[in-house]
Amino acid sequence: MWNRNVTTLWLAQLITAMGDAVYQLALIWLILDLTGSSIITGLVAMSAYLPAMLFGLLGGVFADKYNRLSIMHISNISQFLTVMVIPLTLYYGVADAVLIGILAFIRSCFGTMFPPALNAFVPEVVEREHLTQVNSVIATSSQLAYLIGPAIAGVLLGIMSVSELFLFDAVSFLGASLLLLFVIRKKTQPATETHATFQQLISGIRYIKEHRTIGYLILLTVLNNIFIMGPAIVGMPIFVKTTLNGTASDFAFVEAGMAGGMLIGSWLVYRYAHKINNGKLLLLGLLWDGITYAFFFWIPSVPLAIAMIILHGMGIPTITISRTAIIQRNTPNEYHGRLFSMVHLAVVGMTATSSALVGIFAAYMPVRTVFLVFGLGAVITGLIGLRSKELRTLN
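Mapping of the sequence shown onto the numbering used here: position 272 corresponds to residue 1238, and the numbering continues sequentially without gaps.
Some hints here could point you the wrong way.
[Said to hold, decoys possible] Only pairs whose alpha carbons sit at most 27 Å apart, straight line, appear in this in silico BS3-like list of lysine-lysine:
1) K1175 <-> K1241
2) K1355 <-> K1175
3) K1246 <-> K1355
4) K1355 <-> K1241
5) K1031 <-> K1246
Since the hints were made in silico from the structure, they are not lab data.
Put together the whole structure using the sequences plus the hints.
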């Protein structure tokens, strides 16, 4: 049952993450083509991640209050229906940056429900001692997808338009929901919260106030993603297109390089994570995150950009896998939905803020300098985290 569940979750994540990889590439490049504005591109990117700031905590409450597997199905089907509208608006010539931004916002509203439900669901079907390994395995699905997805998109862009890539993302959600039907749940299910939604939300916030190390972990996640996510989502396509004079295909292969690095990093975590506790692994990853971004200031070509993004990507799983395992191991399962929604809020919500900031900064300074400034900010975040003995010793 363990092997079947892990395989099923891995495949479902692989399919949707491939769709996400193609969607993100298509969305940003489409807005750049429609407007030619880094500020508008940043604002549209922000709209795609803003729902996590507005509704992310509610997604965690729902994950603790209702059937987590059902929430994943609802999220997938709703995103399928929303994404299907984008190519229709392009086909009929009614699309503009505002409409695309609204659709991206709606898609993300439904997508916000999925991550806390998934991360809270994993401990229901996997034994505690296997959580770090299983999180590493499941993480490779997204990384493999982000390696394959952009590479496929780069090839397909030679024979089809950007608008047709959105269909791939839409269909991926249907395939993932079909796979999730094969997950086997334990006969004894964990207790769920029965209180009112608002009370659950308050109790989740109270939990991180009383357990300050977990709250500190989430705060570091907020700071790190302010500096990291904007350059990744908005800065990189601008960097490839305007600084390196690259094409959409070049950008696709840079994105594939990021995924390749993350895949290597996940394997390293799977293989060697038992030799270092998760707290130290997390903090070392934060430092690596910032250092490798700062080096983009000196990158002169697309091939070197691909090489550097591979190195950058290798550090990301040390953050995401160790952070997930820390929460799963050190907190009660009945709080997992809310806690993972806070992490999702910190990651995706700060992506919205960071994307807007990078779009504005890139309009007034070279994007190389943006990478240097934001990378140094991420390094400082890691150094702040190293000051916490409690976080360093968490496993």
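Compare the structure with the hints numbered earlier in the document and write down the numbers of the violated ones, lowest to highest.
-> Hints 1, 5 not satisfied by this model.
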